[in-house]
Amino acid sequence: MSGRTKTGNTIRVNRAFGNIVEGEALVSTEGFSPRYDLDRWSGLISRPGHALEGHNIKDKILITPSAKGGIAAGWAFYDIQHKGIAPKAFVFGVTNPVMVQGAVFAGITITEGWSADPYALIRTGDIVRVNPARRTLTLVRRGNS
Amino acid sequence: MLRGEQGRAVQEALQLQLEVGRFFGAKRFVPVSNVHMMGDIEVMGDAGKSFLERAAQSGAKCRQPTTTNARCIDFAHVEHLKQDSNEARKEKELIACLRRMDVITADTCINYQTLYQPHLGEHVAWGDTGTVIYANSVFGARSNFEAGPAALAAGLTGRVPEYGFHLDEHRRGTFQVNLKVDLNDLADWGAIGKIVGSGHQDYYAVPVFTGIKRTPTADELKQLGAALASYGSMGMFHMVGVTPEAPTLKAAFGGRKPKEVMTVSNRDLEKVYAGYDTQNNPLNLVVFSGPQQSLFEMKTLATLLKGRKVAKGSQLFITTSNGVKSAAKDLGYLQDIEQSGAIVLEGVCFYILQNLPQMRVREGWSNLVTNSAKLANIIGAHKFNTILRRTAECVDIACTGRDVR
Chain A
1 MSGRTKTGNT IRVNRAFGNI VEGEALVSTE GFSPRYDLDR WSGLISRPGH ALEGHNIKDK
61 ILITPSAKGG IAAGWAFYDI QHKGIAPKAF VFGVTNPVMV QGAVFAGITI TEGWSADPYA
121 LIRTGDIVRV NPARRTLTLV RRGNS
Chain B
1 MLRGEQGRAV QEALQLQLEV GRFFGAKRFV PVSNVHMMGD IEVMGDAGKS FLERAAQSGA
61 KCRQPTTTNA RCIDFAHVEH LKQDSNEARK EKELIACLRR MDVITADTCI NYQTLYQPHL
121 GEHVAWGDTG TVIYANSVFG ARSNFEAGPA ALAAGLTGRV PEYGFHLDEH RRGTFQVNLK
181 VDLNDLADWG AIGKIVGSGH QDYYAVPVFT GIKRTPTADE LKQLGAALAS YGSMGMFHMV
241 GVTPEAPTLK AAFGGRKPKE VMTVSNRDLE KVYAGYDTQN NPLNLVVFSG PQQSLFEMKT
301 LATLLKGRKV AKGSQLFITT SNGVKSAAKD LGYLQDIEQS GAIVLEGVCF YILQNLPQMR
361 VREGWSNLVT NSAKLANIIG AHKFNTILRR TAECVDIACT GRDVR
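Protein chains in written order, with this note's numbering: chain A, 1 to 145; chain B, 1 to 405.
I should point out that these hints are in silico values taken from the structure, not numbers from a laboratory.
We put the CB at the ideal spot given by N, CA and C, even for glycine.
Any given hint could turn out to be false.
[Stated by the list, open to error] In silico BS3-like pairs for lysine-lysine, Cα to Cα no more than 30 Å straight-line: (1) A/Lys83 - B/Lys90; (2) A/Lys83 - B/Lys49; (3) B/Lys329 - A/Lys83; (4) A/Lys83 - B/Lys61; (5) A/Lys58 - B/Lys257; (6) B/Lys90 - B/Lys180; (7) B/Lys90 - A/Lys58; (8) B/Lys299 - B/Lys309; (9) B/Lys329 - B/Lys92; (10) B/Lys61 - B/Lys49; (11) B/Lys309 - A/Lys83; (12) A/Lys58 - B/Lys49; (13) B/Lys82 - B/Lys92; (14) B/Lys180 - A/Lys83.
[Stated by the list, open to error] Label pairs and their calculated CB-CB ranges: (15) A/Gly54 - B/Arg362: 16 to 26 Å; (16) A/Ala120 - B/Met262: 26 to 36 Å; (17) B/Gln57 - A/Gly54: 22 to 32 Å; (18) A/Gly107 - B/Arg362: 14 to 24 Å; (19) B/Pro31 - A/Asn144: 27 to 37 Å; (20) B/Gly59 - A/Ser115: 40 to 50 Å; (21) A/Asp117 - B/Arg54: 23 to 33 Å; (22) A/Glu24 - B/Ala251: 47 to 57 Å.
[To be verified] Computed from the model, here is a short list of chain B residues facing chain A with C-beta under 8 Å: (23) Val20; (24) Phe23; (25) Gly45; (26) Thr215.
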């Protein structure tokens with residue numbers, strides 16, 4: 001990654017809530033719903049055929065283009081937070097109010113919208129940082145994979 | 001409220017609303033006249049229940065009429081469905097808790113058909129995406145998707161932050177959908193929602209439908225809206241000449257140009273039905289749910305099932321509200337349905353049934369046949385292979401165990 005400026009490693013997000021968090025990125029090309037896609041007892045993405053099927057969201061920074069359906073997601077975030085299987089942050093391209101209300105209620109960092117395509121910069125396994133106050137998503141270092 | 005003089009629950013509710021409002025750049029709060037919330041043990045879990053108990057303990061009361069969405073247990077069927085008696089006990093405690101907070105535990109996801117019909121421009125705070133899209137689109141009322149904790153907060157404070165569908169700018173159409181299609185069954189309307197929603201997963205995408213050949217019924221709009229919300233995460237649609245904010249195409253777009261114009265044809269519709277595969281597993285589960293059945297749907301099912309029997313080894317589930325079930329009983333529909341061997345559950349939705357994953361394994365269910373495109377979408381997390389079929393076809397499959405296609 002030599003030659004990348006600090007700005008080159010950072011993407012602006014449009015809206016954000018929560019604490020600064022740093023962790024392993026889990027990057028999905030498909031939208032996400034904690035109700036439709038997730039086994040809420042293990043943290044595994046369980047819906048057959050989902051782009052992240054078999055991956056665990058626990059302690060990850062989940063980067064996903066969109067939110068799917070589901071009012072029940074509002075309680076689900078609080079539920080998985082208390083079960084200890086919540087991700088550290090949700091980074092959405094576009095989201096809906098349920099995800100935001102649920103994340104705020106559960107105290108999980110959440111962002112929406114981005115200035116540049118994060119898929120070009122960040123891969124699953126990379127270590128990234130989300131800073132809601134500065135509205136930034138930063139690639140800290142490449143993962144091992 | 002923020003200072004805590006009205007108790008901790010109200011204080012926390014307003015803090016939650018302030019943070020959410022800040023996220024979306026809301027400039028102020030607007031008062032709401034009706035609240036509909038999701039709150040049951042399957043979706044809340046123990047943590048949510050503890051939260052609610054603390055709120056009830058503090059003496060918090062809803063200041064606007066607040067009703068509940070479908071829940072996960074019909075207490076009359078706990079044993080038969082081998083649901084967890086401990087979870088059933090928790091559900092009862094939870095209901096008691098909500099009632100202490102002046103929540104009306106009506107347990108229905110068709111409140112817009114059975115309980116409350118807001119008027120044009122009325123601000124409400126509803127949860128269950130199907131209720132929200134119906135409120136915005138068909139009534140011209142104004143609501144965002146309000147998750148359980150957010151709806152409860154609205155009930156406690158009597159207001160919501162003004163963003164999203166409370167604002168004119170988000171209510172205008174964004175793309176146009178020309179319907180060149182024959183819509184003869186409720187499943188067809190849901191299939192349109194799947195086609196349009198899948199390609200536009202965006203809360204702020206507002207489709208404007210044109211080409212409607214006749215006045216749609218409430219049940220048809222219910223299936224369309226529920227599917228759009230489910231597949232597309234959408235909160236609003238217009239239908240020119242049908243919905244109140246779309247007297248003309250121009251009015252529906254509010255002066256903007258559509259970002260896209262798409263057409264849905266009979267071929268597209270048939271492609272949806274052809275896209276489901278039984279995977280050579282038995283067709284032994286048929287479900288009419290998501291949303292709950294209206295009295296009119298109950299009548300149709302009674303007519304289709306009268307004198308027939310659900311096939312041996314198959315099961316047919318129907319979910320509805322307490323009120324509709326009671327009326328269906330008085331009218332004799334319920335008897336015709338139940339004599340076929342179908343099970344009618346009240347106050348619940350099939351996809352959130354407590355213990356459903358275990359039930360699926362125990363009963364040897366793999367395929368789930370339904371006329372609800374929404375249900376066909378959302379039950380995937382429970383590892384069902386879903387198959388969308390028209391209403392009469394669903395009944396035929398339930399009574400023969402064979403697909404009709």
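- prompt: Which of the listed hints are not met by the structure?
  reply: The structure conflicts with hints 3, 5, 6, 11, 14, 17, 18, 19, 21 and 26, although it agrees with all the remaining ones.
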